[in-house]
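K.L.:
Here's the letter readout for the chains.
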Amino acid sequence: MDKFVALTVSGVAFGAVLSLVALGFLVLYKSTGVVNFAHGDQVTLGAYIAVWATTDVGLDLPTIPGYVVALAAMFLVGILIERLAYAPIRRRPPFSAVIATLAAAITIRGAIAAWQGSEPKSLESPVGNNTVNVLGANVAQQRLVIVAVAAVAVIALILVFQRTSLGRSVRALAADSETAQLQGVRTGRIAMLTFGLSALFAGLAGVLIAPLSSIDINFGFTLMVTAFAAAVLGGFTSLGGVVVGSLLIGLVQQLLGGYFFTDYAATMPFVLLFIVIAVRPGGIVSLQRSRV
Amino acid sequence: MTDLDVPPVADEAAAPEPTGTARPAWAPWWPTRREHATLRPPALARHQYLTVFAFITALWVLVPQVITSRQDQFNTNLWIAYSIAGIGFYWMIGLAGRAAFCQTFMMALGGYASAWVTRSWGDDAFLLGVVVAMVATAVVAGLIAVVVRKAQLFFFAIATMAVTQIGIEVFTQTESFTGPNGVTSGISPPRIFGTEYLRDTEIFPMFVVILTMVLVAGAALERSPLRREAIASRDNPLVARASGVSTVRVQVVMFAAGSSLGGLAGAMIGHWTGVISTNSFSFDLAIGIFLMVYLGGIGSMWGPVIGAAFYVALPNFLTSFEQYNTIIYGSLLLVVILAMPKGLVGVIEKAWSAGTSLVRRNREASHA
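These protein sequences, in sequence, are chains H and G.
Residue numbers for the first sequence follow our numbering, beginning at 2 and rising by one.
Residue numbers for the second sequence follow our numbering, beginning at 784 and rising by one.
Worth flagging that the hints you see were computed from the coordinates, not collected in a lab.
Wrong hints could be hidden among the right ones.
[Said to hold, decoys possible] No more than 30 Å apart at the CA atoms, straight line, and that leaves these computed lysine-lysine pairs for DSSO-like:
1) G/K933 <-> G/K1125
2) H/K4 <-> H/K122
3) H/K31 <-> G/K1125
4) H/K31 <-> G/K933
Values in this document were obtained by computation on a predicted structure and should not be read as measured data.
The task is simple: from the sequences and hints, build the whole structure.
P.N.:
So, in structure tokens, the structure goes:
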């Protein structure tokens, strides 16, 4: 029973992080039509910047201000990527943009490797390694923090989408980008903002999950692929659907990996992703109609 | 008027006299490139087989003259193997528009399969091993393509990315097929009808022969209706389907064919170097293949050949920046996308057509 509780809590926490990652690239996809392959490396970069900001090789700040620095830096990184890799080729076929984000991903990867080396790093958390007892199982406090912060962030994002003019513009672009542009929606500025916002979400996901494991160069990549699965499962367009999809994937991965396929636990996200894409083309078809 | 064999016109009287075909005084006795283009479909007007022949001859003659060090010979062989994998990648991504991230997985699969065959049936089974590698990769790729046939662009890319990750894990775990921790070592060197090819200089001619076969197949594909159907399915699937092209079948076939070239390249590398591990076909190489194809040019089968040469040669020029290699590759890919979307082949073609039009203008001027 306590194993079940522990696995469920980690499943929910993992799902919460996944939903942050997935929402990050979904916001971008909705406003620009680009699936950003650099998103995973942005997650990694956010975690590394947080490590740099909170340890004595860098700024040596306390954890929470250090995290804020990392998130601000990630926002700027997002804008930089938009300026360098997206703005010049906005009018080209979408596939060029995919390759450009891939190029950005490689560059970020290379930059991290040159800056931090290949040694895994660890990030400190404001709650340390404390655990609490939930229904007889020991649960790391960090997991509860993850769930709380992610919930706040997701609600904030949904409010921004529903209540502000930025949100209205992004929704208009997602529904019909040509008409939206004719109505005066400023695509250039929105692209910059959403690239920044998306990178910020990537960074947030990175700093939240990093204290639970160690950070290496592939840290964010695996998360991104799993989040792809969650987003596809959630239909790839609705924010609520993505949150549900993320929680589902998080739970399935932790429970299946914990009970049955322990040898292949690391492969689970990829298997899920493949299965989701193979058996649920429904979401994909509706997406095609909405974008083209 | 003209000594070209103009296709017979059904109704001579009704057809207007072709005025544009009058040949200028300076024209040679053979049909020029431009005249060819007006008489034959553009795909056939290019001298594909001739180009392959010229390229292979140049390779055969020049490389033994130019290459002196062992390192250069190694790199040349590697270039040939990567070119083959790259041409396969061009078939699936350039022609069929299926952006795949699993060419390195196919290379690994081909390498393991071929190594397994020679281990089980003896060193003489090299050719059999290569065939098994190509068939196995084609079958696996075909199955994958059928399963995710409805996935478009990004989703297909992501699904194949997942395949690669799963594959690496499976290779590491199935030690009876691969080896301890997914490392197969001591693979027998290529042996064809009792002759063993051991040293890099002996391997080279064999690789050139394989490359020739691949290039001839590539040229045949360039001239075939399959290429047109693949491009139609890529650019406008609705219209292609309405015109009777089975887009799914075309894309599955192109993906399987391209993957089998990946398997071929993997088998070649395995038997040549004697070792296959999941590390030899890592994420970096996956990116590298993208770089080769895009740097060389995504619109032609020569793109990956030129791009692979760059990819193999580049680290030699960057020895002092070794730790920044990945950054350089990434920025290079970005620059290629932004500044020369047709790659180096595009630059060469532009220079060629500028040169020929200059020559023509000079000739016309001197005869005017």
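K.L.:
Against this structure, judge whether each hint is valid.
P.N.:
Results of checking the hints against the structure:
Taken as a hint, the G/K933 and G/K1125 pair is honoured in the structure, with Cα atoms around 28 Å apart against an allowance of 30 Å. Proximity of H/K4 to H/K122 is assessed by CA-CA distance (about 28 Å); at most 30 Å being required, the pair is judged to hold. For the hint pairing H/K31 with G/K1125, the CA-to-CA distance comes to about 29 Å; that is within 30 Å, so the pair holds. This hinted pair checks out: H/K31 and G/K933 have alpha carbons roughly 21 Å apart, not beyond 30 Å.
Against the hints set out earlier in the document, no violation occurs for any number.
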